[in-house]
Amino acid sequence: MTSLITREEALQLGRLRDHEDILALVERAWEARQEHFGDSTDMCSLVNAKSGGCAEDCGFCAQSTYAEAETPMHAMMEPEQMLEHA
Numbered sequence: 002m003t004s005l006i007t008r009e010e011a012l013q014l015g016r017l018r019d020h021e022d023i024l025a026l027v028e029r030a031w032e033a034r035q036e037h038f039g040d041s042t043d044m045c046s047l048v049n050a051k052s053g054g055c056a057e058d059c060g061f062c063a064q065s066t067y068a069e070a071e072t073p074m075h076a077m078m079e080p081e082q083m084l085e086h087a
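When the count follows our numbering, it moves up by one through the sequence shown with no breaks and lands on 87 for the last residue.
If you're looking for bench data, these hints aren't it; they were derived computationally from the structure. From a predicted model like this one, the values you see are computed outputs, not experimental measurements. Here a beta-carbon is modelled for each residue, glycine too, at the ideal position from N, C-alpha and C. Warning: the hint list may mix true and false statements.
To be verified - Now the in silico label distances, taken between C-beta atoms and shown as ranges:
id : residue 1 : residue 2 : range
1  : 73        : 17        : 39 to 47 Å
2  : 21        : 67        : 50 to 58 Å
3  : 38        : 13        : 42 to 50 Å
4  : 81        : 55        : 21 to 29 Å
5  : 69        : 9         : 24 to 32 Å
6  : 49        : 15        : 30 to 38 Å
7  : 32        : 82        : 21 to 29 Å
8  : 36        : 15        : 19 to 27 Å
Using the sequences plus the hints, can you model the full thing?
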């Protein structure tokens, strides 16, 4: 997907301080959303089906067995439990 605005344009929009300019931006964003996607929304959620105890040693991840983080641990949920959370 091609970008609709350049990086510099996005940074300029992030620097807006005038209340009227910000309101105009929000209104235009609303119009663009309506134009491209209508009035519908989609919902998405994640279920932590297994927590902690992963055998991989990814240095950034608190789920690893080797991590020192105090991550709550539970075994893999049964499929029925996952469906309850869906």
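Violations among the numbered hints: 3, 5, 7
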